[in-house]
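*Asks:* Please arrange chains Y, W, V and U with the ligands on chain L, whose structure you already have, making use of the hints.
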Amino acid sequence: MNWDVIVSYLPLYKDGLLITLYTGWFGILISIVLGLVTALIVHFKVPVLKTIAKIYIEILRNTPLLIQLFFIYYGIPKLFGIVTDELTCGIVGLGLLGGAYMAETFRSGIEAVDTIQMESALSLGMTRRQAMFHIILPQAVTYSVPAFVANLIFLLKETSVFSCISILELMFTAKDRIAVSSTTVESLFLVVVFYLIVLLPVSIIGSVVERRLRYASFGN
Amino acid sequence: MADTVLTINNINKSYGDNLILNGLSLDVHKGEVIVIIGPSGCGKSTLLRCINALEPIQGGEIRLDGELIDGNSRNIAQIRQKIGMVFQNYELFPHKTVLQNIILAPMKVQKRSKDEVTEEAEQLLERVGLLDKKDSYPRQLSGGQKQRVAIVRALCMHPEIMLFDEVTAALDPEMVREVLDTMLELAKNGSTMLIVTHEMNFARAIADRVIFLDGGEIVEEADPEDFFTYPKTERAQKFLDTFEYESVKHHDNEY
Amino acid sequence: MADTVLTINNINKSYGDNLILNGLSLDVHKGEVIVIIGPSGCGKSTLLRCINALEPIQGGEIRLDGELIDGNSRNIAQIRQKIGMVFQNYELFPHKTVLQNIILAPMKVQKRSKDEVTEEAEQLLERVGLLDKKDSYPRQLSGGQKQRVAIVRALCMHPEIMLFDEVTAALDPEMVREVLDTMLELAKNGSTMLIVTHEMNFARAIADRVIFLDGGEIVEEADPEDFFTYPKTERAQKFLDTFEYESVKHHDNEY
Amino acid sequence: SKATDADKGVTEAVADASNNADNGDSDDTIYRTLDQIKKSGSIKIGVFSDKNPFGFVDENGEYQGYDVYFARRIAKDLGVEVEFVSTEAANRVEALQTGKVDIILANFTVTEERAQQVDFALPYMNVALGVVSPSDKAITDLSQIGTDDAVIVISGTTAEIYLEENNPEITLKKYDTYSDAKTAFENGQGVAWANDNTEVIAYANTVDGYTVGIPKLGSDDTIAPAVTKGNESLLNWINDEIKYLADEQFFHKDYEETLVDTYGKDYEEELVVEGGVIK
Amino acid sequence: MQALVTDLGFDVLFKGTNFTRLLGGMWVTLKISLISVALSIVLGILLGVVMTFKNPVTKAICRVYLEIVRIMPQLVLLFIVYYGSARLIGLKFEPEFAAVIVFTFWGTAEMGDLVRGALQSIPKHQYESAYSLGLNRSQTYFSIVIPQTIRRLMPLSINLVTRMIKTTPLIVMIEVVEATKVARQIIDANRVASPNAAFGLFFVIFVLYFAVCWPISLLASHLEKKWSN
Ligand SMILES: Nc1ncnc2c1ncn2[C@@H]1O[C@H](COP(=O)(O)OP(=O)(O)OP(=O)(O)O)[C@@H](O)[C@H]1O
Ligand SMILES: Nc1ncnc2c1ncn2[C@@H]1O[C@H](COP(=O)(O)OP(=O)(O)OP(=O)(O)O)[C@@H](O)[C@H]1O
Ligand SMILES: [Mg+2]
Ligand SMILES: [Mg+2]
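Chains as they are written, first to last, in our numbering: chain L, 20 to 239; chain Y, 1303 to 1557; chain W, 1303 to 1557; chain V, 568 to 846; chain U, 4 to 232.
Isolated chain L, as found in the complex (with noise of 0.2 Å):
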């Protein structure tokens, strides 16, 4: 390990750290928003709206996001002609799967609490909206945690796909300099420390929280 070679090669690897985090960050932001639209319409049954929210959740699910990139960056442009932004795509990308996932963990969260917390809120004369957003919804979200910890996680490692699609997060640091320079070893060593600062904070302070959660488990 070269010692010279690692302190030279910090500067890119905090570039990739921060486009890491961007569009980890992004991404994860319209995947809770998507997640918790998808999440409502399939608990509420909407009509029309619950159908497609069910196919796009299985289709998400069901493929790797390195397709769903391509499919984004590579295909759709030779379909429509537009010229689509790399972080745009990525950003999409992983905000499109992480709703399917995060729309899965919400309405789980929302299915655990018990249906007797809706009938006593409504016996209580409440109406079915005060009782979803007095009783349920703060249930469901502290149910959500321990899924939604690993749904960060997840989301933030997907991000190492990127680089498919000419995004210099991490990773593609790494694979470029081992291209480049081939200091394999340096490259390597380097992208794991990235990683472990982006990820096990997430990991420990996640860990906390559902322990905590835990702890306090509703019920009896």
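Incorrect hints may appear among the rest.
[Said to hold, decoys possible] Straight-line alpha carbon distances no greater than 20 Å define the calculated SDA-like cross-link-like pairs of lysine to any residue that follow:
| id | chain 1 | residue 1 | chain 2 | residue 2 |
| --- | --- | --- | --- | --- |
| 1 | V | K740 | L | T107 |
| 2 | U | K34 | U | I44 |
| 3 | U | K95 | V | S607 |
| 4 | V | K783 | V | E837 |
| 5 | L | K33 | V | P735 |
| 6 | L | K33 | V | T738 |
[As the list claims (entries may be wrong)] Now the stretches of chain U that chain W is said to cover, found in silico as 3 or more residues with beta-carbon under 8 Å:
| id | segment |
| --- | --- |
| 7 | 129–135 |
| 8 | 145–158 |
Calculated directly from the structure, the hints in this document are not laboratory data.
The C-beta atom is built at its ideal place from N, Cα and C for all residues, glycine as well.
*Replies:* Chains Y, W, V and U with the ligands in isolation, oriented as in the chain L frame:
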């Protein structure tokens, strides 16, 4: 004759092809305590759920103070406020403290002021001996305590009628007693109540009228003393027998 | 004096600093039915679990047919065969059919032939009215049916003594009856049994001797008739009172 | 981009690192000697599989192209089976250094840096960098490239290395594979595509609407087979082979078999290097 | 219609052996996933049992292992095993073999954690009733606990197969010729004849992956529902 609070008129209820309530009628008067008993699956819970419009009915009608109860009507939330319900499984909201559980609906639904409701809630909690638990979360309470909070939560809405569905079925015997004592006190104070229970001694003590349900129909309707000593129908007799045991031992063998 | 099957001699049991059983002694004779009652948390379940060596004890000793029961001894599996136990939660093995549940232990542990055990199992199932369910899986049975299978499963090992820990606590009243009837029949046929229950009528009908446990000690030990009519101790009286209710209604108001 | 500063400093350090590695590896060789290859009966040759007309796979699943043609001949003269390993530009050095292949015959441009990491045999083709762009917005000089524009390169190619070093102000869009770069270029992801001029010429010749605005960038280079550093027996054999093949004008024949459809006759003398001798 | 087929490059698919090759690429993917899952199940069961030990050392080791798998992108692991191992310890792996190593490394961790969860989710009562019937520890384990665990694991491990299949396009980076690589080869070989083949091929690959993964997902959720009670 006291005022009639609740009128159930010839209702039918089925799940799919399965007829659960078959042309059932019942009037509940103000201040009356009715205990509904009957074998498992005879439709007791279903009846209470229909009254609260948690289940749609397929025929007949249910009226509270003359107003039709219909799950699809716009003012159903309005009517439900007047019906307090306590379920078998302590269905407190786990993410809220005891006090928050109680004051949520009066504040959100009845738009009463927080201070006023809190004061009332505390008085009620005091009455059931749980004032010191007001800031606890449901998970920190025993089953009996949870049920008493559930009762207070329903009471705090000033319902015209209270429905109890086997509220002690999931409790340890000790706790059964504390919950039933709370209900006895309510009865003493003149609340109108419809109670489903399997505690025969309790039923006898609290009821103004006992309704024996079987196969979705009211088979017998009687004064508790009469019902428990000389049931008129054979089905009721058979049901009551299941709570009696013939001694199998002669107690003549000396150890 | 009949033979003593089980001897419990001055046992102590604690969880951490919490003393649960405090110098408890008890002899069980062959063919005797002992019912243990007492408030929740008084140590009834713990006692049964200690007898079966599912919990280690900190002092005293328990002997079955003179043999010491010790969870760490090599032949504990040997001794456990002679003790049948049925728990509150139907603990059938969910991945095996009713028949497989019953014949597993006799075959694996007692190395009896499959045909012989199957025949006996079928006879026992017939007796409890469940022969037609022999190929069903536990999830296809009602709670009461599961408990009867659990009893058959224990019986099929030919235990010297049967332990029952609130076997009906989680059941609907109808099912309570069918399970208790099965136990009454066992008692009639001379099985040695140690029963924890909260069904006082049943206790009175089945017991040769009632043990009232409180605070980890035997507070009262008596013939069931004596115990339920005139308990000697105040604690027992108070406990029994929790099953009685004073009527709150005068039944003078006419509707 | 920022890569350049880093890389300037790095080149020497890298050279050190790989030399050290080589010393360490010298006895438990990571490569297979000529004898070992012959004995095993097959040779692994790294070629491109998506780089028409140099190395690609036809619709029958057969490897084809200028490099492949040569590779088959090497195997034939060695008397062994050829096993083609599909390789990416970015992985060529790595594949040799880790012994995944015996020879790289994948349009591998000879550079000083690379020569410190692998051993090049005699060249068999001339190459320079070229830049292709859409005919209606032809780029004829790098200065035409605006700050918002991007130039497409393939990761690990001499084009990438050259532009990072000499024109750090130009934004590069990097792709892993040739076909991704090509598709991205056609989709308009970049104003130009910098690559070996052999390839950009081939591209412009076969696809309508594109021009090679800059046919030569940087120095003239050559393309040569490469083996793992230190694999002298194999290296010498290949050199002898290339010299020997000059007699039969093998690479001209190769050109006519594989490249003439793309380039026509005009480029033959310019591209082909026969017998390892650069004119 | 004809124009569309040519325009988007679907016609390229049926040239020569192209489609068979594409399926062959898919098969590489499936093969690697299935082998890895099979290995992961075996190793995962062992790991899961080890994870239930109360020994602090094994606990810590397992924790670190799980955490590595949890936070390292599979692509990083592939690079480390394929290139890093050759550099650091001089081991030469075939790319497929390296992929199997990485996928198994990952799958074992996931299976191990699932097995641990399944073992710990068997109610205490199941052990106790087995003991009170006189079954000893190993009889209890083999007749009662393990069979119940396997039922819980089945749907989850099937799910793992789809997740591995979905990760396989990454192995093109370590030079395995799988479906996406075949697609690129076809795109390039036909760049003159069919300049828009990229759309058609990526669409077909998209459909192929869905056709493979969706039934497996359905099977998993079917089993999950069937065995949940
Ligand atoms: N959601 C449902 N869908 C279909 N059938 C139902 C549903 N809920 C209840 N039933 C059926 O309706 C019948 C009456 O049920 P109900 O719960 O009212 O009985 P119950 O008298 O309250 O019995 P228990 O004493 O066991 O509580 C039963 O046969 C039950 O199987
Ligand atoms: N594993 C344990 N660890 C610590 N304390 C325990 C444990 N199990 C039981 N206890 C405590 O031991 C006491 C006796 O419990 P036990 O279950 O024997 O009571 P019980 O008489 O069977 O009550 P119930 O009628 O509610 O079943 C209780 O106070 C309980 O909290
Ligand atoms: Mg009910
Ligand atoms: Mg107990």
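*Asks:* Need the status of pair K34(U), I44(U): alpha-carbon distance at most 20 Å?
*Replies:* holds, 15 Å
*Asks:* If you count the residues of the segment 145–158 of chain U with a beta-carbon closer than 8 Å to a beta-carbon of chain W, do you get 3 or more?
*Replies:* holds (count 5)
*Asks:* Given the hint that K95(U) pairs with S607(V), test it: the Cα-Cα distance must not exceed 20 Å.
*Replies:* It holds: about 16 Å lies between the C-alpha atoms, which stays within 20 Å.
*Asks:* Does the structure keep K740(V) and T107(L) at a Cα separation of 20 Å or less?
*Replies:* Holds. K740(V) to T107(L) sits at ~15 Å (cutoff 20 Å).
*Asks:* Compare the distance between the alpha carbons of K33(L) and T738(V) with 20 Å, and conclude whether the hinted pair is satisfied.
*Replies:* holds, 18 Å
*Asks:* When you check the alpha-carbon spacing of K33(L) and P735(V), does it fall within 20 Å?
*Replies:* holds, 18 Å
*Asks:* Under 8 Å between beta-carbons, do enough residues of the segment 129–135 of chain U, three at least, approach chain W for the coverage claim to hold?
*Replies:* holds (count 6)
*Asks:* Given the hinted pair K783(V) and E837(V), is their alpha-carbon gap at most 20 Å?
*Replies:* holds, 13 Å
The earlier numbered hints are all upheld by this structure, with none contradicted.
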